[in-house]
Structures are given as structure tokens and as C-alpha cells.
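A.B. asks: Here is how the chains run, residue by residue.
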Amino acid sequence: MLPHMDAAYTLARYWTRNEQDAEDIVQDAYLRALRYFDGYRGESEASARAWLLTIVRNTAYTARKRGRADALTTEYDDTEHSLAAVDDRPDGPQQQRDAKETLGRALDRLATEFREVIVLRELQGLSYKEISEVTGVPVGTVMSRLSRARARLQEVLRDEGGV
Amino acid sequence: MTHPGYESQVDLLLDGELTPADARELEAHITGCAECTRLRDERLALRAAITAGVPTFQAPDTLRDRVRATLAAASAETASAETARTERAGAEARARPRPNRVSLGALWRPMALAASLVIVAVGSWNLALRQANHDRLAGEVLASHVRSLMPGHLTDVPSSDQHTVKPWFNGKLDYSPPVHDLAAKGYPLLGGRLDYVNGRPVAVLTYGRRQHLINVFLWPTTQGQSDAPNARDRQGYHLRHWTTPEYMYWVASDLNLAELQDFVRLLQQAD
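These protein sequence lines are chains W and L, in that order. Counting from 1, position 64 in the first sequence corresponds to residue 64 in the numbering used here; the numbering is continuous, with no gaps. Counting from 1, position 54 in the second sequence corresponds to residue 54 in the numbering used here; the numbering is continuous, with no gaps.
Worth flagging that the hints you see were computed from the coordinates, not collected in a lab. All C-beta atoms in this analysis are idealised placements derived from N, C-alpha and C, irrespective of residue type, glycine included. Keep in mind that the hints are not guaranteed to be accurate.
Chain L residues, not near chain W, derived (Cβ > 12 Å throughout) [to be verified]:
#1 Val10
#2 Asp11
#3 Ala69
One-sided and incomplete, this derived list gives chain W residues near chain L with beta-carbon spacing under 10 Å [what the hints assert, rightly or not]:
#4 Met5
#5 Arg13
#6 Asn18
#7 Tyr61
#8 Val137
#9 Pro138
#10 Leu157
Label-pair restraints from in silico Cβ distances [claimed, not checked]:
#11 Ser144(W) to Gly139(L): 54 to 60 Å
#12 Gly139(L) to Gln20(W): 55 to 61 Å
#13 Arg148(W) to Gly152(L): 26 to 32 Å
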């Protein structure tokens, strides 16, 4: 009945790295989707999904900004202009760093803007153009973020002894 | 590192972002370049590792219930605001016999409206999507049909023998399309070709009727997907669409309608 909810939930899970927050984001996003539906002018099933993921992503983004303001904290800042692909924020769900780092963990530790392009491209199969729409950055930026995120994940894979 | 430009090119290739011509060119380069081959293999290994090791999630049922309830409540809010407005207008119109009486109907209506709004919103969304999808597919089928009429584009395997045409698709598609010879009914098979429709390679079978050509496009239905038969005419061509439990069918032709109906019926019976 509710379209694309698994995709929405997956994106929210990786964005927030937390089940409860992800559920709140999805609920909020569908509510917004209902309100904005009149403005939806998409043509295909795929563009409906991209449209919904855009709302999920913006909802998550806004929620995080608000959360930060509430907490009055500046301890961590992964801005859009961050140069570090790796997010070392200690409060992620994978905070205990075992000696052996798995790919999933490496993904969780990527900064959000790198993590989201991997999720949208590798897990949800969006095109560069769709990713650019969802994340609100130019296609060129999508490409460079994907490239750096992959390079980082590849290092992890190599250390695992995979390649 | 020897030619940094190729790293992003390899990503574009693997992400399906290159045009077919550019993709072929790059693939040719990669074959002869150890550096690029290594890069590509690493990327493929990474993709495989992500597929194997990084899960997608299913939204829990509790979340679905929550969202449904939220949407219903939101619709109810809008609806009751509507109702309040009409009630007010109604009360004024009725002068003032019983101004403060709240009818049962007034309470019940927003609830029903809310429930139906959610259903309508989601339902019309799906409907609109299916409609838009049909429009797009019809456009693709028509374009392919018109292209096939240009010299040399009609068939990849010209043959009136169904036992030649059907096996020709082996190894070119991930399904083996049913091929029927309708020559005895006046629609000889002319051959088959590969085409690209709906984001996938599909089988196209070509039939003739006097000077007219009929292109039959078919590909497997995705799970649980079936929709109403569909007929439309564009640019002087007739398009017909239907689904069987196994295949999606699109037919394009300039044949007159009566004969095309007849052909479609024969094809459906043959299945």
C-alpha cells in the first residue's frame, strides 16, 4: 500500500545509523510527501522513488540540524565542504572499533555525504542524475564523492584480505 | 595512476552512465590495459562485497502502521477544517432555528473523508504512475516500430521458421520468448530482432500482412505485475498492449484495426 517504504527506511537507517531515528524520519517524510503531493510532477515509478527519497533525505538533514541546535553542541561538524571522507564521530552505532573493520562498519564511519551516495547508488541503484536531485549537489560532485567513498571502502576491503 | 582520467571513466562505465558507443570504446581500451583492468576488477569486487555485506532494510510493520495512522490523522485534520467551514456556511444559511446542534453526520464525515483521502492519495498515485508508465512505454514501442521500418532495421534474424527464430534468442536474452507461426492464418512470420525497451533488452517478432508490418514486443512480467489491456493510436499507428501471466505484450502496426484485432486474438489464442 505505501509505496517505496523499504527504500525510504533503508536510506533513513544509513543516514541516522539508528533504528528509532530512522522510523521517525520516515514517518515525518511520508507526512510531508502527502502535503507536497500536489507538487509532484514525476513520470515514472523510478522518479516517484527519487522524489520520495529526496523528501526522506531532506527530512533527515533538517532533523539533524535541529538536533544539533537543540544540543547546543559544536563538537562535531561534517559540513558539505568537509575534506575528510571518514567520519570519526564517536557516537555512531559502530563505535566500538574492533581490530578488524568490516565493510558495513566502514560505511557507517564514512561522513554522511559520502555514505549517502554509496547507499543511493549501490543499494538503491539510482542514476547519477537522480542522486544529484536527491542530495541537491551537482552531478560532478556526486561522481567525485562516489569515487572517494569507493576508494575508502576499497582500502578496507584490501585490509580485510578480500582483494 | 598512469592515466588518472580513466579512473572516473571506469566508474561511469560500471554505473551504466556511458553511452553505448563510449562504453564499447572504453571496454576495448580496458581489455588492452592492465592498469584499467585491475581498476575495473577492484571495483567489481567492491560491488560484490557491498552486495554481500551491506544490507538493505525492510521497513518494520509497526512503522507501516504508524505511517498509515499519521497520514489518516493528517487527512482528518484537513477534512475537519473543511467540514467546519461548510458547517458554518450552512448554519448561516439556515438562519437560526437550531444553531448549535452538531449532527452525527458532521462527526462521522471527517473520519470517512480522512480514510478515503489516504486511500485516494495512495491509489491515485499508483494509478498516475501506471498511466505515465504506459505513456512512456507506448512512446518507446512506437519509436522502435518506426525505426524498424527504416531500411535494414527490421530483423536481426530474417526467417519465417519459428524453429529458427526462437533459438536465435538463446544467449541474447534471459528468457526464451514464445514464437508462433501464423502463416496459415494469413500473418506470416518474417523474423525476429533484439531491441531495447523499458530499460531492458527485449524480443521483437515481426509478422507481415500484405504490405503491412506488425511488430510484437514481449518481455517477462515482473512478479505480480499485470494491468488492463490498453489500446491507443499515435501518428497513424495502432498500439495494443496486454499482459499474460508470463509476458508483457506490446504490438505496433499500421494495419487496419479489424485485422489487427484479429491478429491480436490469434496471438492470444496461440499462447
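A.B. asks: Look at each hint and say if it fits the structure.
C.D. replies: Hints, one by one, checked against the model:
A cut-off of 12 Å between C-beta atoms contradicts the statement that Val10(L) is not in contact with chain W; the least separation is 10 Å. Listed as outside the interface, Asp11(L) is inconsistent with that label: its C-beta sits roughly 6 Å from the nearest C-beta of chain W, within the 12 Å cut-off. Interface exclusion of Ala69(L) from chain W breaks down, the closest Cβ pair being 9 Å apart, not more than 12 Å. Hint status for Met5(W) relative to chain L: holds, with the closest Cβ pair at about 4 Å, below 10 Å.
The closest approach between the C-beta of Arg13(W) and any C-beta of chain L is roughly 5 Å, which is under the 10 Å cut-off, so the hint is satisfied. A cut of 10 Å between beta carbons decides the hint on Asn18(W): the least distance to chain L is about 12 Å, and the hint is violated. With its C-beta approaching chain L no nearer than about 19 Å, Tyr61(W) sits outside the 10 Å limit, and its interface hint is violated. Hint status for Val137(W) relative to chain L: violated, with the closest Cβ pair at about 16 Å, above 10 Å.
For the restraint placing Pro138(W) at the interface with chain L, the shortest Cβ-Cβ distance is roughly 14 Å, beyond the 10 Å limit, so the hint is violated. The beta carbon of Leu157(W) comes within 6 Å of a beta carbon in chain L, closer than 10 Å, and the hint placing it at the interface holds. Between Ser144(W) and Gly139(L), the C-beta spacing of about 34 Å breaks the proposed range 54 to 60 Å. For Gly139(L) paired with Gln20(W), a C-beta distance near 44 Å fails the hint of 55 to 61 Å.
At roughly 46 Å, the beta carbons of Arg148(W) and Gly152(L) sit outside the given window of 26 to 32 Å.
Going through the hint list in order, the structure does not satisfy hints 1, 2, 3, 6, 7, 8, 9, 11, 12, 13.
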